[in-house]
Amino acid sequence: MEVWASQLFNGLSLSSILLLTALGLALSFGLMNVINLAHGEFIMIGAYTTYALQQVAAHYTGDPQSGITFLIAIPVSFIMAAAAGYLVEVSVIRFLYRRPLDTLLATWGVGLFLQQLARSIFGAPNVQVVAPAWLSGTVSVTSGLLLPMKRIFIIGLVLACLGALYLYMYRSNEGRRMRGVMQNREMASSLGVSTRRVDSFTFALGSGLAGVAGCALTLIGPIGPSLGTFYIVDAFIVVILGGLGQIPGTIMAALIIGMLNTVFEFGTTAVVGKVLVFAMVILFLQWKPAGLMRARGR
Amino acid sequence: MIGRRARQIFQTPASHAANGAGLGAADDKTILSVEKLTISFDGFTVLNELDFSMKYGEMRFLIGPNGAGKTTLIDSITGKSKPDRGRIVFDGGTDLTRQQEHRLVRLGIGRKFQTPSIFGSLTVYQNLEVALGFRNRITSLFGGIRSRESDRIMATLEEVALVDRASEVAGSLSHGEKQWLEIGMLLVQEPKLLLMDEPVAGMTRREREKTGELLQSIGSTRSVLVVEHDMEFVRRFAQTVTVLHLGKVLSEGDMETVQRDPEVVRAYLGHGASGNRTVAESSQPRRGTAAGV
Amino acid sequence: MISRLSLPNAVKGLPLPSWLGDVASVWLAPILVLAALVAAPLLLSDFRVALLGKFLTFAILAMSLNLIWGYAGMLSLGHGVFFGLGGYAMAMFLKLESAGGKLPDFMFWSGLTELPFFWAPFQYAWIAIPMTFVVPAALAGGLGYLVFRSRITGVYFALITQALALIVSILFIGQQPYTGGTNGITNYTTIFGFAINSPTTQIVLYYATLATLALTYLLCAWLIASRFGRLLVAMRDDENRVRFSGYNPAALKTIVFALSAGIAGVAGALFTPQVGIISPTMMGIVPSIEIAIWVAVGGRGVLLGAIVGAILVNGAKSGLSESFPAIWQYFLGLLFIGAVLVFPSGIMGLLRGEGWRRPEWLAADRLPGFAARVLPGVKR
Amino acid sequence: MSVPYLSKALGSLTSNTLKLLAGLGLILAVACGSEAPPAPASAPQGSAAPAAAAVESAPAAEESDTIKVGILHSLSGTMSISETAVHDAELLAIDEINAAGGVMGKQLEVVIEDGASDWPTFAEKARKLLQEDQVAVVFGGWTSASRKAMLPVFEANDGLLFYPVQYEGLETSPNIFYTGATTNQQIVPAVEYLLNEGKTKFYLLGSDYVFPRTSNLIINKQLEAAGLEAVGEEYTPLGHTEYSTVISKIRAADPDIVFNTLNGDSNVAFFKQLRDAGISAEDLPTISVSVAEEEITGIGADNITDHLVAWNYFQTTDTPENAKFVQAFQAKYGENRVTDDPIEAGYFGVYLWKAAVEKAGSTDVAAVKEAAKGITFAAPGGMVTIHNENQHVSKTVRIGKVRNDGQIDEIWNSGAPVSPDPYLDSYEWASGLRELAQ
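Chains as they are written, first to last, in our numbering: chain F, 1 to 298; chain D, 1 to 293; chain L, 1 to 380; chain B, 1 to 438.
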């Protein structure tokens with residue numbers, strides 16, 4: 001039974017990673033209809049920010065494992081990625097609203113550019129972020145059921161992001177404006193909301209969330225220029241399955257895919273598991289083309 | 001949101017009587033017979049056991065306040081919405097409710113949408129050409145067009161007064177011209193029944209006049225069902241009017257009779273809207289579900 | 001092929017027979033391009049000819065995508081898969097010819113002892129060559145039927161075909177005994193008995209590719225000028241109106257998608273013997289996006305645009321990576337951004353002087369701008 | 001063709017035609033690409049040292065003064081994480097050789113190409129180096145797939161490739177020199193070592209491609225010969241980053257050693273997550289054949305401490321040549337850079353080729369191949385000798401344990417260089433491999 005309990009946890013953990021990488025997309029793709037193929041590169045920016053911050057901190061304090069540095073890295077990664085996202089929105093994306101397929105091509109170019117930039121700055125080989133000591137080790141539930149601290153931390157981080165996003169969207173003026181623009185652009189515009197500003201903000205927010213994901217992923221995965229490419233497609237699948245513009249749908253989709261993937265992978269192999277999950281998603285979309293959660297009709 | 005109570009209030013004996021006229025009337029003069037049609041979206045009933053029928057060669061106007069189910073009725077006749085219950089019998093026997101949209105067109109049902117629905121990057125002529133070719137076998141799609149067809153297209157262009165613009169890209173037409181083009185695309189297919197969703201929405205007065213005349217000439221040879229909000233236009237061109245309210249037929253008859261029907265007056269006033277709706281309002285896109293908001 | 005009604009007025013005013021204007025305006029540019037490509041082997045080194053030959057297979061591939069994207073408005077991000085399937089079909093034939101009756105090397109490494117049943121027919125050219133068209137067309141037909149029947153369009157279609165690219169490439173990598181895995185299938189010695197690497201064979205392959213390109217061009221030009229072509233454009237403009245004009249868009253789209261996939265497969269079949277390898281990297285996500293970039297750079301909805309785009313982008317890629325091996329990806333990234341941002345109607349648009357303006361149908365994209373109103377791409 | 005777009009007025013046709021012709025000229029110009037002299041060798045990283053010496057020598061007039069050599073690795077794409085370092089090492093060797101007077105008195109001129117982690121691109125660039133640049137030799141490749149893609153090109157053009165990475169064996173191309181280990185110089189001795197250590201329950205974990213699959217085929221035969229059977233065999237897609245389920249499976253299978261043939265980035269994820277799951281090298285040791293010092297930097301030494309690796313060279317290998325090599329490498333590329341087995345193999349490959357050319361007195365491929373037979377070189381990892389027939393090199397096999405500073409302590413070596421045996425002819429349990437492989 002411990003195997004199954006640990007698999008359940010693994011599924012939850014995978015879901016949390018999927019959700020973390022998909023959350024930013026759910027904003028930019030789901031709400032703004034921008035297909036941001038550079039999303040993976042914003043994740044990468046978050047990861048490298050964490051790396052750079054740690055290098056700097058280690059240089060001054062001599063202690064690379066400082067837990068404080070990692071905690072500081074989370075908001076800094078958010079800010080860096082959000083800033084990069086803001087730049088991209090202002091310089092490229094804003095000319096392409098209403099042309100979603102073109103955003104796809106342009107952001108692909110942006111992604112290539114950013115990858116090469118990372119290669120030029122940090123070099124092609126992978127770099128390493130030392131996880132803080134308090135995140136190492138496991139929590140043992142029973143003697144055979146050990147839950148890695150990092151995984152628990154990531155699940156907590158996702159919940160925190162969701163909470164913050166909820167507060168932002170439903171409790172702040174800025175968020176209210178954002179929802180207004182996303183629901184009825186013309187109406188919001190005529191009521192004096194600056195849709196330009198909201199667009200830039202939303203995109204930056206989505207990119208910032210990618211940055212947080214990048215920071216968290218340094219704990220469990222490789223950190224290199226092509227880091228983003230490992231996560232981007234899965235993230236898109238989650239958003240599509242969830243239904244466009246539906247944060248609750250995205251959450252559900254991440255849970256379903258994460259769980260299914262873990263179960264299939266355990267029962268078969270990683271390759272077959274992945275193929276099965278994608279095939280099921282496509283078949284599901286046959287049945288419900290709008291995804292799990294349907295946006296309300298107009 | 002209209003409550004259950006309100007719905008009960010409006011289900012009067014009068015409306016049942018009107019329905020009765022349509023029931024069992026599927027004789028050879030009836031082109032369209034809608035029987036006990038029920039459609040609901042997300043648990044909200046848009047059409048409620050609706051009975052409705054039309055005769056060959058009849059031009060009927062369909063009016064009613066917002067959310068009455070007018071567009072949904074057209075949607076279900078053209079296969080866009082699938083009903084929960086009920087039948088729609090067309091042209092002496094075919095049940096439309098389980099057919100795909102394009103098959104219904106082949107049976108002879110043409111539909112004009114609220115906003116002009118045309119092919120913006122083809123020329124006006126080519127628009128009609130595409131519309132005309134719908135009965136062709138797939139193989140003939142790969143050839144040029146025959147002169148007989150060309151004549152048909154030109155004749156239709158004449159009918160909708162777009163001959164001069166034949167070689168222009170349809171996207172460059174004015175709003176009214178686009179509406180006529182769409183009507184032309186329907187006419188060239190020679191449908192038995194023509195459904196028009198607010199054909200004069202967004203038109204200037206002159207264009208409305210012209211469209212009305214066009215409708216009358218079309219109506220003289222085939223069955224036409226027009227959904228319209230512009231009461232002035234309805235008064236001017238309608239012979240028979242059906243009032244829909246809350247998914248049921250509220251009243252039916254000529255404009256005079258209908259206007260005097262107290263149920264109708266109550267329905268419009270009760271809903272907080274006057275009979276004289278502005279053009280701007282009526283051109284707003286609406287879905288059945290919007291009534292639920 | 002061109003209806004008299006649509007002739008521009010300026011042409012009517014000239015004292016020339018109108019058909020001449022038609023011929024000139026429609027065919028002059030392609031004939032010039034063709035002439036340049038025919039002459040190219042005389043001017044270029046063997047290596048550059050081989051490279052150009054590879055680009056020509058990409059040009060065919062780009063044309064197949066242009067047919068469905070530029071005209072019918074469906075962006076497939078899985079065209080690398082169809083290209084790859086055609087390439088694999090051809091590779092199976094070449095590999096079996098090279099193995100000379102023995103088991104291909106990679107099968108042995110993976111523990112197979114005899115030829116899998118589905119490989120056997122590919123030893124015959126008369127089966128293998130048609131299969132380069134049939135297999136991708138059948139896959140596209142099947143997927144297209146499912147997808148178009150549920151009225152999945154636009155962004156959704158793009159992303160689903162992208163998922164297809166991912167699945168198929170993972171599958172091909174994972175089925176090493178049957179597909180050669182990551183390595184793909186390589187190391188062919190002969191084609192129809194001729195040494196595959198000899199300059200003469202390569203020149204013959206080049207001209208075969210060029211001929212296929214010309215034929216594909218003619219096929220597409222004829223299709224586009226036919227009623228079928230008008231219907232494609234009509235679907236791009238307003239699919240709903242096509243449906244309510246009595247056509248079944250799902251069937252039309254499935255047909256054109258399958259045809260396009262088949263053409264892509266033929267391009268792949270020509271790629272394999274010229275490059276000497278087919279591998280799952282061709283079927284992954286990256287090449288499929290690049291195909292779209294070629295078309296966008298060349299000019300969407302212009303037949304010649306796809307050819308020009310494919311040759312220019314790949315030429316630039318080769319040239320840049322040779323001159324700046326370490327940093328060429330910057331240029332590539334900027335080129336992609338520029339292609340979309342600065343000249344949305346592509347090189348062909350620039351040449352025709354419609355440069356910086358974008359075609360009407362692009363501005364008024366079929367998809368509603370913001371998803372919060374009903375789902376884009378999914379008409380219910 | 002759609003008329004409204006295309007039929008511009010006939011009047012403007014001439015000017016359009018001109019533009020089109022200009023465009024076509026452009027196409028051809030691009031297709032002809034760099035007929036111009038190749039870019040001089042320059043280090044790809046901004047951080048790196050100045051260009052290789054003497055490449056600025058005037059081109060055509062004194063062309064006999066230089067010998068062109070090609071370097072072909074992935075400088076972009078996923079494989080660049082590993083390949084750039086080998087590229088750097090080869091440049092270092094070329095610089096050293098040039099500084100010491102070149103080969104037969106001629107300076108080496110480097111042509112660098114980017115394989116872009118894409119196998120057909122490797123084929124294209126290989127053809128370009130051989131046909132256009134007419135290089136005397138190419139140093140390049142990493143993945144088996146890239147080698148397989150280049151192989152027919154080198155054979156058809158009678159070129160020379162030095163391939164620096166350990167691989168799955170079962171191949172001998174007359175045009176390739178294999179300076180990395182073949183299976184009997186890495187995998188087979190590693191399994192023997194483990195069997196001698198008393199390990200009986202092997203779990204085979206690899207990325208899903210040809211090297212891990214072939215390796216595991218061989219390991220399975222070897223285990224079978226020892227009367228054992230692997231307790232599990234698992235493949236994950238290339239680039240896979242989620243290993244918690246795989247770790248659960250490993251736990252359930254309860255092995256006493258994991259034989260790891262994962263590639264590249266996946267190793268980072270696997271080792272980080274293995275440690276997070278509370279499994280240390282003490283609980284369950286792993287032995288890796290694709291994890292070297294360079295990869296350890298990315299994994300984080302503390303995540304892989306005390307796990308085993310099998311190679312022919314470690315940065316800590318104690319030879320005078322190595323001390324010199326490490327110092328030169330770090331002087332050129334930075335103090336924090338590490339060296340490892342493929343880097344070393346790339347480096348000494350250049351020297352082996354130099355020795356063969358000087359012995360042959362020419363860069364002619366046939367002559368170099370003939371002269372290369374039995375050539376030896378004191379490489380940083382010890383003496384290497386080119387085999388007379390199969391063009392692989394004899395090298396010493398080493399097994400090491402990862403230290404917590406990212407370096408590797410050697411815990412076992414084969415004593416003497418092991419002669420390469422790509423088809424495992426000398427192992428009875430492997431009989432039949434050669435027949436089937438050819």
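Source of the hints: derived by calculation from the structure; they are not laboratory data.
Where hints are given, some of them may not hold.
For each label pair, taking beta carbons as the anchor points, the in silico distance ranges come out as [to be verified]: (1) L:Gly338 <-> B:Gly361: 50 to 56 Å; (2) B:Gly361 <-> L:Ser45: 47 to 53 Å; (3) L:Gly111 <-> B:Glu389: 45 to 51 Å; (4) F:Met187 <-> D:Asp42: 20 to 26 Å; (5) L:Ala125 <-> F:Thr268: 51 to 57 Å; (6) B:Ala331 <-> L:Ala120: 44 to 50 Å; (7) L:Pro199 <-> B:Ala281: 52 to 58 Å; (8) F:Gln286 <-> L:Ser198: 47 to 53 Å; (9) F:Thr268 <-> D:Arg103: 40 to 46 Å; (10) F:Thr268 <-> L:Leu32: 52 to 58 Å; (11) B:Ala366 <-> L:Ser198: 17 to 23 Å.
No more than 25 Å apart at the CA atoms, straight line, and that leaves these computed lysine-lysine pairs for DSS-like [what the hints assert, rightly or not]: (12) D:Lys192 <-> D:Lys210; (13) F:Lys288 <-> D:Lys192; (14) D:Lys210 <-> F:Lys288; (15) D:Lys36 <-> D:Lys210; (16) B:Lys359 <-> B:Lys369; (17) B:Lys221 <-> L:Lys102.
C-beta atoms are modelled at their ideal positions from N, C-alpha and C, and glycine is treated no differently.
Cross-check of the supplied hints:
1. At roughly 52 Å, the beta-carbon separation of Gly338 (chain L) and Gly361 (chain B) lies within the given 50 to 56 Å, and the hint holds.
2. A hinted range of 47 to 53 Å is violated for the C-beta pair Gly361 (chain B) and Ser45 (chain L), which are about 29 Å apart.
3. Under the hint 45 to 51 Å, the C-beta atoms of Gly111 (chain L) and Glu389 (chain B), about 27 Å apart, miss the expected range.
4. In this structure the hint that Met187 (chain F) and Asp42 (chain D) lie 20 to 26 Å apart at CB holds, the actual value being about 23 Å.
5. Ala125 (chain L) and Thr268 (chain F) have their C-beta atoms about 37 Å apart, which leaves the hinted 51 to 57 Å range violated.
6. Distance hint for Ala331 (chain B) and Ala120 (chain L): a CB-CB separation of about 59 Å, inconsistent with the stated range 44 to 50 Å.
7. Separation of Pro199 (chain L) from Ala281 (chain B) is about 56 Å and conforms to the stated range, judged on CB atoms against 52 to 58 Å.
8. As the Cβ distance of Gln286 (chain F) to Ser198 (chain L) is approximately 49 Å, the hint placing it in 47 to 53 Å holds.
9. Hint check: Thr268 (chain F) to Arg103 (chain D), Cβ distance near 43 Å, so the stated range 40 to 46 Å holds.
10. Between Thr268 (chain F) and Leu32 (chain L), the C-beta spacing of about 56 Å keeps the proposed range 52 to 58 Å intact.
11. As the Cβ distance of Ala366 (chain B) to Ser198 (chain L) is approximately 20 Å, the hint placing it in 17 to 23 Å holds.
12. Pair hint Lys192 (chain D) plus Lys210 (chain D) holds up; C-alpha atoms about 22 Å apart against a cutoff of 25 Å.
13. Distance restraint check for Lys288 (chain F) and Lys192 (chain D): the Cα-Cα separation of roughly 35 Å exceeds the 25 Å cut-off, and the hinted pair is therefore not satisfied.
14. Distance hint between Lys210 (chain D) and Lys288 (chain F) is unfulfilled; the C-alpha atoms sit about 44 Å from each other, more than 25 Å.
15. Pair hint Lys36 (chain D) plus Lys210 (chain D) does not hold up; C-alpha atoms about 36 Å apart against a cutoff of 25 Å.
16. At roughly 10 Å between alpha-carbon atoms, Lys359 (chain B) and Lys369 (chain B) fall within 25 Å of each other, so this suggested pair holds.
17. Restraint check for Lys221 (chain B) and Lys102 (chain L): the C-alpha separation of about 23 Å stays at or below 25 Å, so the hint holds.
When held up to the earlier numbered hints, the structure conflicts with 2, 3, 5, 6, 13, 14 and 15 and fits the remainder.
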